[in-house]
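S.K.: The residues making up each chain are set out below.
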Amino acid sequence: MTAASITTRATSPGVRKYGSMSRDRRWALRWSYFFLTLFAIFFLMPPVYMLITSLKTSAEISAATNPWWVQNPTLSNYAELLTSRMYLTFFLNSALVSVIVVTITMLISVPAAFALSRMRFWGSATLATGVFLTYLIPETLLFIPLFKMFALVNEHLGIQLINRWWVLLLLYPTLTVPFCTWIMIGYFASIPKELDEAAIIDGASWFQTLTRIFIPVALPGLIAATIFAFTVSWAQFLYPLVFTTSTDQLVLPVGIITTLIKGDVFNWGQIMTGALLGAAPPLIIYAFLMDYYIAGLTAGATKG
Amino acid sequence: MVDAALEAPALGGGTRRRSALRKAMQRKSTIAFLMTLPLLLLVVLLVLYPALYSVHLATLNKSMERFVGFGNFLFLFKRETFWMVVQQSCIFAITAVIFKALIGFIVAHFVHNIPSRGQRKWRGMLLVPWVIPPAMSCLAWLWLFDPSYSALNWLLALFDVGPIPWTGEAYWARFSVILVNVWIGAPFFMIMYLAALKSVPEQLYEAAAIDGANWWQRMWYVTLPMMRNIMAITALFSLIVTFANFDIVRILTAGGPIDRTHVFATWAFWIGIQGNDIPLGASVSLFMVPILTVAAVFILRDINRRAGEMS
Chain P
1 MTAASITTRA
11 TSPGVRKYGS
21 MSRDRRWALR
31 WSYFFLTLFA
41 IFFLMPPVYM
51 LITSLKTSAE
61 ISAATNPWWV
71 QNPTLSNYAE
81 LLTSRMYLTF
91 FLNSALVSVI
101 VVTITMLISV
111 PAAFALSRMR
121 FWGSATLATG
131 VFLTYLIPET
141 LLFIPLFKMF
151 ALVNEHLGIQ
161 LINRWWVLLL
171 LYPTLTVPFC
181 TWIMIGYFAS
191 IPKELDEAAI
201 IDGASWFQTL
211 TRIFIPVALP
221 GLIAATIFAF
231 TVSWAQFLYP
241 LVFTTSTDQL
251 VLPVGIITTL
261 IKGDVFNWGQ
271 IMTGALLGAA
281 PPLIIYAFLM
291 DYYIAGLTAG
301 ATKG
Chain U
1001 MVDAALEAPA
1011 LGGGTRRRSA
1021 LRKAMQRKST
1031 IAFLMTLPLL
1041 LLVVLLVLYP
1051 ALYSVHLATL
1061 NKSMERFVGF
1071 GNFLFLFKRE
1081 TFWMVVQQSC
1091 IFAITAVIFK
1101 ALIGFIVAHF
1111 VHNIPSRGQR
1121 KWRGMLLVPW
1131 VIPPAMSCLA
1141 WLWLFDPSYS
1151 ALNWLLALFD
1161 VGPIPWTGEA
1171 YWARFSVILV
1181 NVWIGAPFFM
1191 IMYLAALKSV
1201 PEQLYEAAAI
1211 DGANWWQRMW
1221 YVTLPMMRNI
1231 MAITALFSLI
1241 VTFANFDIVR
1251 ILTAGGPIDR
1261 THVFATWAFW
1271 IGIQGNDIPL
1281 GASVSLFMVP
1291 ILTVAAVFIL
1301 RDINRRAGEM
1311 S
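Taken in order, these protein sequences are the chains called P and U. The opening position of the first sequence corresponds to residue 1 in this note's numbering, with each subsequent residue numbered one higher. The opening position of the second sequence corresponds to residue 1001 in this note's numbering, with each subsequent residue numbered one higher.
Since the hints were made in silico from the structure, they are not lab data. Wrong hints could be hidden among the right ones.
[Stated by the list, open to error] Which stretches of chain U does chain P cover? Using the computed rule of at least three CB atoms under 8 Å from a CB of chain P, they are:
# : segment
1 : 1029–1036
2 : 1141–1153
3 : 1161–1175
[Claimed, not checked] Keeping only pairs whose Cα atoms sit at most 30 Å apart, straight-line, the calculated DSS-like set for lysine-lysine is:
# : chain 1 : residue 1 : chain 2 : residue 2
4 : U       : K1198     : P       : K193
5 : U       : K1078     : U       : K1062
6 : U       : K1028     : P       : K193
7 : U       : K1198     : U       : K1121
[As the list claims (entries may be wrong)] Over 12 Å on every C-beta distance to chain P, these chain U residues come out as not near it, computed from the model:
#  : residue
8  : V1047
9  : F1067
10 : V1068
11 : G1069
12 : F1070
13 : L1074
14 : T1081
15 : Q1087
16 : I1091
17 : M1192
18 : A1207
19 : A1208
20 : Q1217
21 : L1224
22 : G1281
Using N, Cα and C, we set each Cβ at its ideal position, and we do this for glycine too.
Construct the entire structure; sequences and hints are all you get.
M.R.: Right under this line is the structure:
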């Protein structure tokens, strides 16, 4: 503001210097907006193209017209998918798996994080590091031995684990629990010690300290962890691809890829609609809880 | 601390006090152990055990009846495809991480440059690729790369370029796979670097400006040293995730054309699950361990150092 008002009556050399600085600044700002727009176009192009394609009929998709424009917008793809029994099954399976996995994850990781951050016991520090290390073990290293293990369980105990959607309830927590425990340890560690000391002196049990003090105070962290667990379980692709095969057991990502793509016939209108609807739940959560989402994202590396 | 405060009012006999204290301690550690038990069970049964089990599997023959020692590994060493996969995995991971870091760094600076009330909106828009499940966005890219209806080629044709065989030809297919990976991962880097940029105290820049530092000097002597830690740890994290990536290659090319885009994860899936040779698949995936270990050691060192600084 001051720089701008000075430039209008710039007379002395010293003042002119300020003026050129503010001009530099303005140009820097313009360039920033210019490049940000370019990057935004690059980053948003695929989802926008999904939306464009989902509004087209098959005839329009195979016609050699401008692919970036919809001539006769139609919702028929949406109507078809949302009344298709198969697609609704995928969606329901995905929702069920994600919600249950989030619950399991929270039930395991919140007490564990509390114990590891506040109730020092033999080996607790090593265990905290160990939890972090398990987060670094990728699922692509484990799917083959797990597949064999589950096949052996079926052979010896007669429990059919493969090709059942609920087997994912065992598998997904291995992806969500270590990270959620890790960020909850970070959030719990930032709560001042005086708070739980006061609670203990007032006669609260450890369990009450956790539910009455720690969970309410660390609620932002809890929300961030919940969002993380949900998005990871909603997006997981490898485990359902390996462990489930029949169409009534599939979750959304695998379902779209294995059933909507039939041989060489690609019904792109429906595929894009299915993918867009499948991307909607994480996007909606992100739109409403962006700050928590980002807090969870950055907490993993900056806390601890 | 807590126990001391608890015990202070109890002025009973010395021995009784000590045994009560010990009991409390015991109880506390028992409770703590029970609280971590589910976590321990999960990690041991579904992460550590399978990890060790895959080492065992890798020493068996295809029908898993006979012990063959290093036979599977020796067999892999003799196959040309294996060395191609090693090379492709390394190129894929390293190139992708470098470009993700570079784009993330540049975009973070642009976002940091604009007035703070607009930043939220831009940040929100630019993180969208990271939020969409990769399987879904890969489908969108597959459609953008379609051999006959590619919308990207349509755009390029306006400039008289192309048509480009995005997933049809070995080098273009490798490029496409890396491009999609960068597209998904760069926003994550952007968010991390933006957080790092915000944590640099403004006074440092003011001091540097007073000392007459130009833009490059401020970048080199103030911004980069302050961000070094977060930059390193983000890159290491991303290296692990990218190196072990499965979704992108699987959906875009399924390893083709003629195995020219396979990485360890997709090749292990191809051999172990689709080819039904579980021991050989396990051997392939085990080759990811060395790089993952190196990255993990560096991350752990950084975290321990920061924990040391904090306490």
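S.K.: Does the no-contact call for U:V1047 survive, Cβ to all of chain P over 12 Å?
M.R.: violated, 5 Å
S.K.: Is U:K1198 close enough to U:K1121, meaning Cα to Cα at most 30 Å?
M.R.: holds, 17 Å
S.K.: Holds or violated: the segment 1161–1175 of chain U covered by chain P, criterion of 3 or more residues with Cβ-Cβ distance under 8 Å?
M.R.: violated (count 0)
S.K.: In terms of Cβ atoms, is chain P entirely out of 12 Å range of U:I1091?
M.R.: holds, 18 Å
S.K.: Measuring Cβ to Cβ, find out whether U:L1074 lies farther than 12 Å from everything in chain P.
M.R.: About 19 Å separates U:L1074 from the closest Cβ of chain P, which puts it past 12 Å; holds.
S.K.: Does the structure keep U:K1198 and P:K193 at a Cα separation of 30 Å or less?
M.R.: holds, 28 Å
S.K.: Since U:V1068 was said not to touch the interface, does its Cβ keep a gap of more than 12 Å from each Cβ of chain P?
M.R.: Given that every Cβ of chain P is farther than 12 Å from that of U:V1068, nearest at about 16 Å, it holds.
S.K.: Is the Cβ of U:F1067 farther than 12 Å from every Cβ of chain P?
M.R.: holds, 16 Å
S.K.: Measure nothing beyond the straight line between the CA atoms of U:K1028 and P:K193; if it is 30 Å or shorter, mark the hint as holding.
M.R.: holds, 16 Å
S.K.: How does the coverage statement for the segment 1029–1036 of chain U fare against chain P, requiring three or more residues with Cβ below 8 Å from a Cβ of that chain?
M.R.: Coverage by chain P holds here, the residue count being 6 at a Cβ distance below 8 Å.
S.K.: Closest CB-CB distance from U:F1070 to chain P, is it above 12 Å?
M.R.: holds, 18 Å
S.K.: Minimum C-beta separation from U:A1207 to chain P exceeding 12 Å: can you confirm that?
M.R.: The assertion about U:A1207 holds, with a minimum of 17 Å to chain P.
In this structure, the earlier hints numbered 3, 8, 17, 22 are contradicted, and the remaining ones agree with it.
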